[in-house]
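Enquirer: The listed protein sequences derive, respectively, from chains U and X.
For the first sequence, counting from 1, position 448 maps to 448 in the numbering used here; every step adds exactly one.
For the second sequence, counting from 1, position 24 maps to 1024 in the numbering used here; every step adds exactly one.
If you're looking for bench data, these hints aren't it; they were derived computationally from the structure.
All values derive from a computational prediction rather than experimental measurement.
No incorrect hints appear here.
Lysine to any residue pairs mimicking SDA-like chemistry, simulated, CA-CA at most 25 Å apart: (1) U:379 to X:1457; (2) X:1345 to X:1271; (3) U:364 to X:1074; (4) U:140 to U:286; (5) X:1590 to U:468; (6) X:1590 to U:66; (7) U:400 to X:1375; (8) X:1546 to U:474; (9) X:1379 to U:432; (10) U:546 to X:1475; (11) U:555 to X:1501; (12) U:555 to X:1532; (13) X:1546 to U:74; (14) X:1379 to U:43; (15) X:1553 to U:599; (16) X:1364 to U:74; (17) X:1400 to U:375; (18) X:1555 to U:599; (19) X:1590 to U:466; (20) X:1379 to U:42; (21) U:553 to X:1599; (22) U:364 to X:1442; (23) U:379 to X:1436; (24) U:364 to X:1071; (25) U:379 to X:1226; (26) X:1590 to U:138.
There are 2 protein chains.
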Amino acid sequence: MAVRSRLNNYSMTDSTLLNNEKINNEKSVNGSVSMIPLGGLGEFGMNMMVYETENDLIVIDTGFMLPNSDMPGVDLIFPDIHYLIERQEKIRGILLTHGHEDHIGALAYVLRQLDVPVYGTQLTLAIASGRLREYGVLGKAQLKTTAPGDTVELGDFTAEFIHVTHSIPDSVAIALRTPIGVIVHTGDFKFDMTPIDGKLSDVQTLARLGSEGVLMLASDSTNAERPGQTPSERSIYDTIDHIFQRTEQKLFLCTFSSSLHRIQQFIDLANVHRRLVAVSGRSLINNVRTASELGYLHLNPDHLIDARDAAMFQPHEVVILSTGSQGEPRSALALMALDNHPFLKVEPGDTVVISARIIPGNEKAIGNVRNHLLRRGAKIYHERNADVHVSGHGSSEDLKLMLNLLQPKFFLPVHGEYQNLVRHAELAESVGIPRDNIKVAEDGELIHLTPETCEVFGREGRSGRVLVDGKPEIELEDIVLRDRIQLSEEGILVPIIVLHSDTPTGTNEEGNAENLPTDGDADNTKTALNAGQIEIISRGFVYMDKSEELIEKAKEITRSVIENLSDEQKHETEIVQDEIRGALRRFFSKQMQRTPLIFPVVMRV
Amino acid sequence: MAVRSRLNNYSMTDSTLLNNEKINNEKSVNGSVSMIPLGGLGEFGMNMMVYETENDLIVIDTGFMLPNSDMPGVDLIFPDIHYLIERQEKIRGILLTHGHEDHIGALAYVLRQLDVPVYGTQLTLAIASGRLREYGVLGKAQLKTTAPGDTVELGDFTAEFIHVTHSIPDSVAIALRTPIGVIVHTGDFKFDMTPIDGKLSDVQTLARLGSEGVLMLASDSTNAERPGQTPSERSIYDTIDHIFQRTEQKLFLCTFSSSLHRIQQFIDLANVHRRLVAVSGRSLINNVRTASELGYLHLNPDHLIDARDAAMFQPHEVVILSTGSQGEPRSALALMALDNHPFLKVEPGDTVVISARIIPGNEKAIGNVRNHLLRRGAKIYHERNADVHVSGHGSSEDLKLMLNLLQPKFFLPVHGEYQNLVRHAELAESVGIPRDNIKVAEDGELIHLTPETCEVFGREGRSGRVLVDGKPEIELEDIVLRDRIQLSEEGILVPIIVLHSDTPTGTNEEGNAENLPTDGDADNTKTALNAGQIEIISRGFVYMDKSEELIEKAKEITRSVIENLSDEQKHETEIVQDEIRGALRRFFSKQMQRTPLIFPVVMRV
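Produce the entire structure from the sequences given, and follow the hints as far as they go.
Expert: Right, here's the structure in full:
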């Protein structure tokens, strides 16, 4: 009963400690690895997984997530990394699977708080460096380039980088050799049989690992709900080629700035059709520069023009690569759609290709951009009316192939909303993984792995989301976000009341105070108070300029509330506020069936 | 030059008048009909089309639209009906095509402002009556039941109701015989060859009209972007049947409350599988009652139970029909998903079928509901993983069939976002309508039709949207909505400053005033003012309880701004406000790279 004897040294009320102790103890007996997803299990984005033994801890990926419209004013969402900060001395490294923001976007945020080495492939680290430089942490960052096939020793973990195909070059899965067996973490992948760069997923290594025995597979669930196999990136080439042929005016090609295989095809086709290439959008320009410097993108600099010069050429002589595929309001595409772009213009006869998936939640924004582009006379091709996009993530059959290559004992679906994880779990069961060996877990849970067992322990406040608005270090509290949502639904009304003391020293009215009962605790709380000036500020509730009558009536109500309070009540700010709030709420509710947020302010003079 | 001579009587600067005069004049020569879409052309929802001759005006449909997440706090959106109010004496009637809210939902709003007869089929008027009663206009409403096949004389217009299949029974297209020819307005339709109620689209009448000659077709564009033909409503029966067979626990079936053919199938299958039917959701209960009273829904009252009693039965003995297919946060389904429903509970082994399309913009909300249902252990079927839904709107081939049956001279796509209208126009061209005879127009434009011509005149402020928040008559101004969005993105900060006059009458400091320059316009504006109490209220910006230091610093800045103002400046409220706003904006922007909305309030004592 070693567990108990060790625990006796600690307070038993700390359940976190209890669990950790229990787990640590089991580890010391059997050897074990804990997996703690800090992000990406239960949402798309902010992928971050901790692998931990008694002695050592490594992190795979440090991604961010972009907010939805239900998070107004939020710029970015990072995983909460308190779990890492508390264990800083155990961390042997961060391993990156590829250069997409949902896998590397939080790296600067993490490296500002932790001083640990970062391992990734050449392109991944090059893309990550851009943001590190921007946030001033590139200098101190320990970036260690690791090629596919390389192996890194990290304490109890030996990590092997295994090349996989994805929408960005130089993507890897990671095999972790641990004291209790091999764990494979796929990163994002598909099995593209004809990849643009000719580099296949390394099925040989995956198959060898499968033969040797894999204890645990953590695999990408993004497209688990899609049947079949994801087509090759190359499959869109012919469609885009036809669009080039049919377009007599300007051609706009929009995709994610990180979809470098897609961008390579666009550049190749521009060359075939003798159009010059203009690149618009900062992230796109940066990625094209980085990738071509490193040889991941092949492009003749003579065929590149500055987007500002595009208008100097005949429309049929140029193709414009741009971002904005998600309808982002400040993107080049959205600006062009509304004729607000400083130097790019969509005109009748132009063609726009939106070569990207629609991220759920962005449908309306993208629809609006499409409508506006059509109003300007453009022809539009997108995912839903032409084969202009193919996913970088494996569909059901790719996922089954990964499972069958590795034949893991235990399986944990990662990367996706709960519904995607559940679907991936069903796929794993369909290829023969025993149901009890498949775990569906979410951020902040702890998956405890031994050579024989895999258990999930509940949430213990280890994880969370950090909402960022403004400077990267400024976190937005949940309560502020709730206020924002409420403000946006109801508006705000601030009544401001000046309370005058009737009995300033030296006036002839001080005798009145004597009429009030005196009960000992009175300093000047028995002084009579009268309402002076009353102002009302409101936003998001009614249009003030057209609602003078309503606001005047609200002022009258406020004044009469105060007049009906006893002098004692008037001295209690909270009572004054509550009474005003209640009276105004009743008034607006009756008048308009609406109640703004009401925050009375009492100023005493 | 009759045009010119008549126009000389009017100001030439009024372009609206110019156009109307020009049009009226042409009418008197050739005869003409104007079509003015007040809603539904450029968006999904709030369908409303005006048909107008020199003497008479009719309206087809009076729909509302539900807001998206970019309109926080907005409950409903109605078309602006000023165009109708200004022409009240010409209006001969409102014609309704079917009982969906996007076609009848604004009827109460319209009838509160206009006293005109309303024509519709029995079920359509019965459903519309519910809302009219709710808003107290049922008593005065002139509702005239019109069966498919009936003809109504409305001044220059003779309207014929033609049965079409749609997701709600008793739907019609409307053929208008006008002095210049026949206009057909389809309403929503598909060509269902095996409709649930056995009532086919009246292709015979449509074909006859086509043979006789149709001048203009205005046809539903909702599914113009979908290839092929929309399957029969009946096609989902087998899928739902299989789900009934496979479900051992409770079965939840969610659809729109107006999808009565769907509900009929659910009820029939419940009967086959010997489950009792519980109905949850007010609109669903109302529609089921109305439709079964009128014989549009066949159901044995003995098989109905109160949803509150569902828990008294074994899980396999009940099926629960509910709304909430769009993830609406207050719907039964969303409440169940979060375990917040007062008496319905989703448990492991239960099955939920979401048998409805996803309205664009609702993807995220629906996804959240699905995730939560899965977390409770439910099995879920929806449009994307099973054939549990089929549209009530015709796809490309249905739309082409309608075009080919009617062979109109002119064509106007209606009902849809701009991209759907454009696609429908392409379909019309593909079946041989000359491109010049196809018009893509949007709300508020005027389509002017003569026997030989069809012209679109630009926007002239004839249309718009009325955003409703609270009582139906309370319109939300655009500026208030903009404020709400800004509040939600930035938060609000209200600094309140009390300015004390230093020189009350009778004090010994009045001599100071003499040192100030006097320039004649001084009453007491030269009195010295000093900042007294300063308070700051903020919401949606920072968490006040944790930001005391920041707020204290902001107060200090406010105080020092005032102290640095001259006494003259202090007397100008706007100057004080501007200076404080500017200083705080610079402060927060530097500190946090964020700036809330800042509304300083100056109180003088």
